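So the protein lines, in turn, are chains A and B.
Sequential numbering from 110 applies to the first sequence in my numbering.
Sequential numbering from 3 applies to the second sequence in my numbering.
If you are wondering where the hints come from, they were derived from the structure by calculation, not from laboratory data.
No experiment lies behind these values; they were computed from the predicted model shown.
Yeah, the Cβ is synthetic: ideal placement off N, Cα and C, and Gly gets one too.
Keep in mind that the hints are not guaranteed to be accurate.
[Said to hold, decoys possible] Here chain B is said to cover these stretches of chain A; the calculated rule only asks that three of the stretch's residues, wherever they fall, bring their Cβ under 8 Å from a Cβ of chain B:
1. 158–168
2. 192–203
3. 287–294
4. 304–315
[To be verified] Cβ pair distances, simulated, as ranges:
5. A:Arg236 to B:Ile592: 31 to 37 Å
6. A:Pro276 to B:Leu538: 55 to 61 Å
7. A:Ser309 to B:Thr626: 20 to 26 Å
8. B:Tyr594 to A:Val316: 22 to 28 Å
9. B:Tyr529 to A:Pro276: 35 to 41 Å
10. B:Tyr729 to A:Gly180: 50 to 56 Å
11. B:Trp433 to A:Leu311: 53 to 59 Å
[Said to hold, decoys possible] No more than 27 Å apart at the CA atoms, straight line, and that leaves these computed lysine-lysine pairs for BS3-like:
12. A:Lys251 to B:Lys680
13. A:Lys291 to B:Lys48
14. B:Lys680 to A:Lys204
15. B:Lys174 to A:Lys315
16. B:Lys680 to A:Lys291
17. B:Lys174 to B:Lys680
18. A:Lys315 to A:Lys301
19. A:Lys238 to A:Lys315
20. A:Lys315 to B:Lys680
21. A:Lys291 to B:Lys174
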Amino acid sequence: MCSRRREPARFTSTGPVRVTGWLTLAVALFALLFSLTRDAHAQGMAVPPGTQAELLARLAGFDRNFAARAGGKAVILLVAMPGNSESMRAALEMKAALGRQERVGDLPHEEQIVTHSSAEALVETVRAKRAAIVYFGPGFEKQIPALSSAFSSVNVLTVGANPAYVPGGIVLGFDLVSGRPKLLVHVLQARKQHVSFPASVLNLMKVYP
Amino acid sequence: MKQLKAAACLAIGCAFTLAGERVALADDISDVEGLLNEAIVSSASKQSEAASAAPGLSTSVTAEDLRKYGIRTLAEAIDFLVMGVSTSDNLGAGEVGARGVLLPGDRGSHFLVLLDGYVVNDPFRGGATFGVGAGIPLELIDHIEVIVGPGSVLYGSNAMFGLVNVVTKRAKDYEGARVIVESALPIGIRAAAGAGTTFTLFGLPGEIVTQLEYYKQDGPHFFFEEENTGVDQFTGQPGRHCRNCEQNGIWGGAVADDSLYAEAPSGVMRVALGDTELHVQASYYRHATPTGVGDFDDPDAGDTEKRVSVGLNHRLAVSTLLDVSARGYLSYYESETAFVASRGELCPFGLVTCNYVDEGKAHWIGLELQSTWDWFRDDSFVTIVGVDARQRHVETASDTLNIETGETLYPPSSGLDQSDVLIAGYAQQTWAVTRELQLGAGARIDSDPRFDPVVTPRVVGSVLPWEGGTLKASYSTAFRAPSQDETDNATARRIQAKNLEPEEVRSFDASIEHRFGAHRMLIGGFYSEWQNLVELAQLTDTEAIEAIRNGETAVPFTPGMQLTQYRNTTDVTNYGMNTGVEGSFRGGTIQYGFTLTGAIAEKRTSSGTSHLPAAPQIFGNARTAYVFGDNLPTVAFATHFMGPRPADLSNGQFSPDPYAPSQVQLRLTLSGDVPAVKGLSYRAIANYAVADRGPYVVGPVTRAIPTQPTAQLIPVDRFRTTVGLQYVF
Chain A
110 MCSRRREPAR
120 FTSTGPVRVT
130 GWLTLAVALF
140 ALLFSLTRDA
150 HAQGMAVPPG
160 TQAELLARLA
170 GFDRNFAARA
180 GGKAVILLVA
190 MPGNSESMRA
200 ALEMKAALGR
210 QERVGDLPHE
220 EQIVTHSSAE
230 ALVETVRAKR
240 AAIVYFGPGF
250 EKQIPALSSA
260 FSSVNVLTVG
270 ANPAYVPGGI
280 VLGFDLVSGR
290 PKLLVHVLQA
300 RKQHVSFPAS
310 VLNLMKVYP
Chain B
3 MKQLKAAACL
13 AIGCAFTLAG
23 ERVALADDIS
33 DVEGLLNEAI
43 VSSASKQSEA
53 ASAAPGLSTS
63 VTAEDLRKYG
73 IRTLAEAIDF
83 LVMGVSTSDN
93 LGAGEVGARG
103 VLLPGDRGSH
113 FLVLLDGYVV
123 NDPFRGGATF
133 GVGAGIPLEL
143 IDHIEVIVGP
153 GSVLYGSNAM
163 FGLVNVVTKR
173 AKDYEGARVI
183 VESALPIGIR
193 AAAGAGTTFT
203 LFGLPGEIVT
213 QLEYYKQDGP
223 HFFFEEENTG
233 VDQFTGQPGR
243 HCRNCEQNGI
253 WGGAVADDSL
263 YAEAPSGVMR
273 VALGDTELHV
283 QASYYRHATP
293 TGVGDFDDPD
303 AGDTEKRVSV
313 GLNHRLAVST
323 LLDVSARGYL
333 SYYESETAFV
343 ASRGELCPFG
353 LVTCNYVDEG
363 KAHWIGLELQ
373 STWDWFRDDS
383 FVTIVGVDAR
393 QRHVETASDT
403 LNIETGETLY
413 PPSSGLDQSD
423 VLIAGYAQQT
433 WAVTRELQLG
443 AGARIDSDPR
453 FDPVVTPRVV
463 GSVLPWEGGT
473 LKASYSTAFR
483 APSQDETDNA
493 TARRIQAKNL
503 EPEEVRSFDA
513 SIEHRFGAHR
523 MLIGGFYSEW
533 QNLVELAQLT
543 DTEAIEAIRN
553 GETAVPFTPG
563 MQLTQYRNTT
573 DVTNYGMNTG
583 VEGSFRGGTI
593 QYGFTLTGAI
603 AEKRTSSGTS
613 HLPAAPQIFG
623 NARTAYVFGD
633 NLPTVAFATH
643 FMGPRPADLS
653 NGQFSPDPYA
663 PSQVQLRLTL
673 SGDVPAVKGL
683 SYRAIANYAV
693 ADRGPYVVGP
703 VTRAIPTQPT
713 AQLIPVDRFR
723 TTVGLQYVF
């Protein structure tokens, strides 16, 4: 670092004029930014993807039906909302983060990014690819009821990055409370989707409904 | 047959054993617990990351910790729960230091304090309050991130010890309305009300959280020993230390009933709609302490601070590559300090009592734009580039008044009325080379019209050498730009500084951390060099006469008149170690934590090398809590300890140098829900301090004199109980 004292500047008190100028600039900038985001809003992920991946890799192994569901290899679908940058970025970051995990649920694994079109189409994709886990990043707030209904009889673990997804019917979710990751689980939906966690793990989670 | 039976029994036995083993393995949730206990911080790198990966030493204090361990202020959170940082109670706004360095009188200006990312340090002196005047309602706090180590690379001035970011709760964690009443019996009371809710507007999710709080304290009423100042050099008579009292040279010798108090209403509100957030904070803090060199126990002596800040930020995900955010902020601050003195050396106008009133007003308005580039869209190679520009305006005024009549006793100094513009740019690059190796580098350049631009770089690296382990090393720098009050202002008893330079610190840090299940252990070392530290130096009689001749002050000369000036006087070399362990057993039913910091700090001035006053060289804390569950209370025990500390006047002013003894504070807290009353909860706190003296010399005797050869150290509030109730509707 280097810093030398300068000669004192000639201060002029132009406080009110400059405040007005700054305020005008700030208001214009915010109006521009706000107008660009109204149709593309998606909440970012509170829990970093690396932490989500580590937790998911371990939690999958506690699901009593995971090994049977996955077969010899766990296929994880990462669903992105088309036209939503936040959602696509979350899928890419989770793919990379999961890729850094040696095993998921004590199984070799593979991640694929799929673009959402409809709940029914997604269910078909899950069945066709024999996916063991389906992960929803930001951007699915309005789709959760339809997804919850469509997955009701599908043998798959659904996971959401947004804590608001779980009360709506996604089985497992992540939240950040007091700077610590929290797990959320929808036990009724889990039962419908053949996901079964032992009591010791459920005790670590906030249980819905 | 017997063999078949034996084989069958063996097989069955093995099956049960294996089943039991599978159950045991399947139930081994300690890895998951450990991940859930790992703090996620966002302040160190301006992006969310695990604390173990973040640059510097990070501690994250949760809302549950604040409640469970009976924490009432930021200062207490630091003392009882944070590694590497400690506070010092001067019965006023308090002081804070880190890793063996504490700078008395700095008004907390060497820590950068943020509230939801907005700077709380005032625009007048850059100070921050960590006690009851912080203006942050306690129950609204979600967590507190404390990052120890120079942090100017992303935040600029003041982050020399590090930064404290107080994050408020989201509405989902603060739903409904609540009222809180808590009393530190019998001297203080805090009442608060808050609310939080979510809503939808224009198709976007929104939320609002707010809490208002009022705090009032009167006391403790300490007894202060007599100090005999002898003959006043101006009057030739024994000094007078209160209005309308005898000239007998005696200060103290009584209980201070009127001059130890605090009053602090405050409020915070946050409104979010989609990716836009509005933040408002307001606070008022009036406080006084009977420990200065002025009159004893005068109710009109004290400080008043008013603060309002507004911030608006918006984040936009432009593409999978790029995020941009814009943050506008406005902060207004006003302060008034009243110093009351009757003694002739301090009030050379006959038998009157002087009221030295110093006022300051400042505001800044600014805009910060930041872009985040995730080049490979996988969080492995991320660039952050930002600019921050603010306009600052400062006004000061000072008066010397006859406290009884209000008459001006001599012409006030002209004061400041000036504006300037501060511009900064910063950049940071992080690179996850492999899963095991992460590197980061960054720098910030700050432009201030009073100095040449200051550049503060940082380089960090972390390695995961084994499962659960992290090795980190870093080089980081920080600076503090002296305030305009320090560089350009003069008051009745302070002449203007000359050629004041920014303070600087460089630090090398290394640490090893290991996470095993629900437990975490850390050991680290540091070495720091501090330069150009600013101190309020007392002028010699010769310097005072020269200043009067040059017209730098209008105060008439009196022997021992105590004129002061801000100067870059001090360099400090500081090194040491931090260690800590924390974790939980039985699924979080039993929780524990322990930290210990040992540090050496040597102060170098033109007159030689000495120790740093008031700074502890060994300190730490320990805590444990048992969560019984159901309707039973949570029982928590916390302790904070410090080794002996030299007093603030311990460089030859007295012989021997006064030292405050080692201090241990013990705190027991019971908290929980009131049975059968839904929504009502309680906490009861008992605090006991072993030592009765702190490291500050009190009263008018600031060096040994024949009538008063020894120093009187500040008293400590030894025992206090606090009880509180909270009702959530």
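Status of the hints after comparison with the structure:
Using a Cβ-Cβ cut-off of 8 Å, 7 residues of the region 158–168 of chain A lie near chain B, which meets the minimum of three, so the contact claim holds. For the region 192–203 of chain A, the stated coverage by chain B is satisfied: 6 residues place a CB nearer than 8 Å to a CB of that chain, which reaches the threshold of 3. Counting residues of the region 287–294 of chain A whose CB lies closer than 8 Å to any CB of chain B gives 6, so the stated coverage by that chain holds, three being the minimum. Judged by the Cβ-Cβ criterion of 8 Å, the region 304–315 of chain A is covered by chain B as claimed, because 5 of its residues qualify and three suffice.
Range check, arginine 236 of chain A to isoleucine 592 of chain B: about 46 Å between beta-carbon atoms, so the 31 to 37 Å window is missed. The given range of 55 to 61 Å is respected by proline 276 of chain A and leucine 538 of chain B, whose C-beta atoms sit roughly 58 Å from each other. For the pair serine 309 of chain A and threonine 626 of chain B, the supplied restraint of 20 to 26 Å holds, since their beta-carbon distance comes to about 23 Å. For tyrosine 594 of chain B and valine 316 of chain A, the Cβ-Cβ distance of about 27 Å falls inside the hinted range of 22 to 28 Å, so the restraint holds.
Checked against the hint of 35 to 41 Å, the pair tyrosine 529 of chain B and proline 276 of chain A fails, with Cβ atoms roughly 51 Å apart. Distance hint for tyrosine 729 of chain B and glycine 180 of chain A: a CB-CB separation of about 54 Å, consistent with the stated range 50 to 56 Å. Judged by the Cβ atoms, the range 53 to 59 Å given for tryptophan 433 of chain B and leucine 311 of chain A is violated: they are separated by roughly 39 Å. Distance hint between lysine 251 of chain A and lysine 680 of chain B is unfulfilled; the C-alpha atoms sit about 34 Å from each other, more than 27 Å.
A hinted pair counts as satisfied when its Cα atoms are at most 27 Å apart, and lysine 291 of chain A with lysine 48 of chain B qualifies at roughly 21 Å. Taking the CA atoms of lysine 680 of chain B and lysine 204 of chain A, the gap is near 44 Å; set against the 27 Å cutoff, the hint is violated. Taking the CA atoms of lysine 174 of chain B and lysine 315 of chain A, the gap is about 13 Å. The hint holds against a cut of 27 Å. With a CA separation close to 25 Å, the supplied pair lysine 680 of chain B and lysine 291 of chain A stays within the 27 Å bound.
Taken as a hint, the lysine 174 of chain B and lysine 680 of chain B pair is honoured in the structure, with Cα atoms around 19 Å apart against an allowance of 27 Å. Restraint check for lysine 315 of chain A and lysine 301 of chain A: the C-alpha separation of about 18 Å stays at or below 27 Å, so the hint holds. About 30 Å separates the Cα atoms of lysine 238 of chain A and lysine 315 of chain A, which puts this hinted pair outside 27 Å; it is violated. For the given pair, lysine 315 of chain A sits about 20 Å from lysine 680 of chain B by alpha-carbon distance, which is consistent with the 27 Å threshold.
This hinted pair checks out: lysine 291 of chain A and lysine 174 of chain B have alpha carbons roughly 13 Å apart, not beyond 27 Å.
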